[in-house]
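Undergrad: Each chain is listed here by its residues.
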Amino acid sequence: MSGNIYWVGYRTIVRKEITRILRIWGQTIVPPAITMTLYFIIFGELIGRRIGDMGGFSYMQYIVPGLVIMSVITNSYGNMVSSFFGAKFGKHIEELLISPLPNWVILAGYVTGALARGLMVGAVVMLVSLFFTRIEIQQPLVLVSVLVLTAVVFALAGMVNAIFAQKFDDIAIIPTFVLAPLTYLGGVFYSIALLPEFWQKVSVFNPILYMVNGFRRGMLGVSDVSLAATYGVILTAGALLFAWCLYLLHRGTGLRS
Amino acid sequence: MLPVHSLKVIDFRAHVLHIVRMYALEVRDLRKTYKNGVEALKGVSLTVEEGDFFALLGPNGAGKSTLIGIISSLVNATSGETRVFGTSVQTDRSRAMSFIGLVPQELNFNQFEKPLDIVVNQAGYYGIPRDIALERAEKYLKQLQLWDKAHKWSRTLSGGMKRRLMIARAMVNEPRLLILDEPTAGVDIEIRRSMWEFIREINDAGTTVILTTHYLEEAESLCRNIAIIDHGEIVQDTDMKSLLATLDIETFVLDLREPIRVCPQIDGMEIRIIDEYCIEASLPKAKSLNNLFADLDRQGVHVLSMRNKANRLEELFLRLVEKERDLEVVAS
Chain F
1032 MSGNIYWVGY
1042 RTIVRKEITR
1052 ILRIWGQTIV
1062 PPAITMTLYF
1072 IIFGELIGRR
1082 IGDMGGFSYM
1092 QYIVPGLVIM
1102 SVITNSYGNM
1112 VSSFFGAKFG
1122 KHIEELLISP
1132 LPNWVILAGY
1142 VTGALARGLM
1152 VGAVVMLVSL
1162 FFTRIEIQQP
1172 LVLVSVLVLT
1182 AVVFALAGMV
1192 NAIFAQKFDD
1202 IAIIPTFVLA
1212 PLTYLGGVFY
1222 SIALLPEFWQ
1232 KVSVFNPILY
1242 MVNGFRRGML
1252 GVSDVSLAAT
1262 YGVILTAGAL
1272 LFAWCLYLLH
1282 RGTGLRS
Chain Z
172 MLPVHSLKVI
182 DFRAHVLHIV
192 RMYALEVRDL
202 RKTYKNGVEA
212 LKGVSLTVEE
222 GDFFALLGPN
232 GAGKSTLIGI
242 ISSLVNATSG
252 ETRVFGTSVQ
262 TDRSRAMSFI
272 GLVPQELNFN
282 QFEKPLDIVV
292 NQAGYYGIPR
302 DIALERAEKY
312 LKQLQLWDKA
322 HKWSRTLSGG
332 MKRRLMIARA
342 MVNEPRLLIL
352 DEPTAGVDIE
362 IRRSMWEFIR
372 EINDAGTTVI
382 LTTHYLEEAE
392 SLCRNIAIID
402 HGEIVQDTDM
412 KSLLATLDIE
422 TFVLDLREPI
432 RVCPQIDGME
442 IRIIDEYCIE
452 ASLPKAKSLN
462 NLFADLDRQG
472 VHVLSMRNKA
482 NRLEELFLRL
492 VEKERDLEVV
502 AS
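For the protein sequence lines, the chains are F and Z, in the order given. First residue of the first sequence? That's 1032 in this note's numbering, and the numbers climb one at a time after it. First residue of the second sequence? That's 172 in this note's numbering, and the numbers climb one at a time after it.
The reader is advised that the hints may include incorrect statements.
To be verified - Partial pick of chain Z residues on the chain F-facing surface, computed with a CB cut under 7 angstroms:
| # | residue |
| --- | --- |
| 1 | 243 |
| 2 | 245 |
| 3 | 249 |
| 4 | 250 |
| 5 | 269 |
| 6 | 280 |
| 7 | 295 |
| 8 | 296 |
| 9 | 297 |
| 10 | 360 |
| 11 | 362 |
| 12 | 365 |
| 13 | 465 |
No wet-lab data here; the hints were simulated from the structure. Cβ atoms here follow ideal geometry from the backbone N, Cα and C, with glycine treated the same way.
Construct all of the structure, not just a fragment, from the sequences and the given hints.
TA: Given below as structure tokens:
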């Protein structure tokens, strides 16, 4: 099979995914924008004013990177899990499974679709934040690379969830009971320096902490963790999840009987 | 015992013959046992020649869909080999799949997409550039009388239209092997006949077609070769003419001019009363229908009209399947 076939197949999946995201923009783009606006108003404006500065920035400025990356995480994960599981549930995933496309092309296409949604929502949240505060991006390369890699990692995690899911309840369990707590405890709203020593030590086992802080470093230039640790965690998680996804797709787990 | 070099010559000749004789589909000793222990295929072997119109029949649960699933790579075989135009599905899946178009039994397209998008996207998965995909989508949607629905939501299509959409989607990569798993299930007779016409034209143009259907009339009128599968085993694999020639008894339904109360008796024939104006007569092929009419006439039974009770293939199919059941009972 020639590379051009793969390229056309990849572009088809990406186009289909982006068309889907834009077709149901009321479900994909608008809700996170509204949720994040509420976060900015309640936590940034009302409560943040009483909290004062954090890490040398106003509280509103401090939470912007966390809220942007949080929306990127939930939306890239959510896009993958809902789109892929929806295709599995509706059986139209068979259109791809019977095609000549190898598993890595299918995976790349869906990951790119999830990445696109993550970036679209991230951009919208960023725009919303500009109504509340002024942001000067300190390290653009770090910001973009952490944003893209984080979206890819959670897209891959969403794929694993979608592969194992057998009913719609199964795609809500991980976001509710794993993703949300880890995100909220990952330093979105605070610096872990504020935590007691024991909880600081516990927090370093939370991978989302590294993503939130890596993105905060890119945007504000401050972070609770080193840049090397950020990239190390993200790249390791990405590589492991990528390998797991390919293994599951190759075995046909949940897809081929 | 043959010397080693002789074996090599035989092996080489077999290899050359294999290359010369390219089958559209070769299935060798295919077995599938599901995780729940159900043995769906018990060593199925089958060949389908290029250009053939091949019927794969069997009762519900016989293993047809599992076999089609393995050919189309939706089901992993437990053991055995499947080759499509010489390419192994198990070891070179991508290349093997590039030859196949599949119309599955169940609807499996996104009901929230439009027919044109469904067909064009499918072409994209086969690496067909978008401009060519659009041309082909228009061509096949028009041929299947769906072009006026191309931009409607596919969930709004009727059952027959949805089936035709799956055929258009399967044709967009212009496959060398088209597999139709009960394509006309639940479709009215007019649309069914137009679908037959379309599929026949595709076959005439050189595409190999494998058809499974519960409408045996469909298989009898369309297919040249046939395999019957039951309990995961091929119980018949032959050409349609030879199979039909083995049928030695035919059953006719006779409508009568006057009502009857007593069933007519004729030597060598089996007569049953359906109602007072209708009887059913089963007679060996060797017996002339003239004998039947003459004997009935002698007994004061006058026939108004006559028709075949079922198509011939249906009778054969039922007999083969019943025979298998009887053998099982004896064995147990």
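Undergrad: Take the hints in turn and mark each one as holding or not.
TA: Against the structure, the hints:
no. : hint : in the structure
1   : 243  : holds, 5 angstroms
2   : 245  : holds, 6 angstroms
3   : 249  : violated, 11 angstroms
4   : 250  : violated, 15 angstroms
5   : 269  : holds, 4 angstroms
6   : 280  : holds, 5 angstroms
7   : 295  : holds, 3 angstroms
8   : 296  : holds, 4 angstroms
9   : 297  : holds, 6 angstroms
10  : 360  : violated, 27 angstroms
11  : 362  : violated, 23 angstroms
12  : 365  : violated, 24 angstroms
13  : 465  : violated, 58 angstroms
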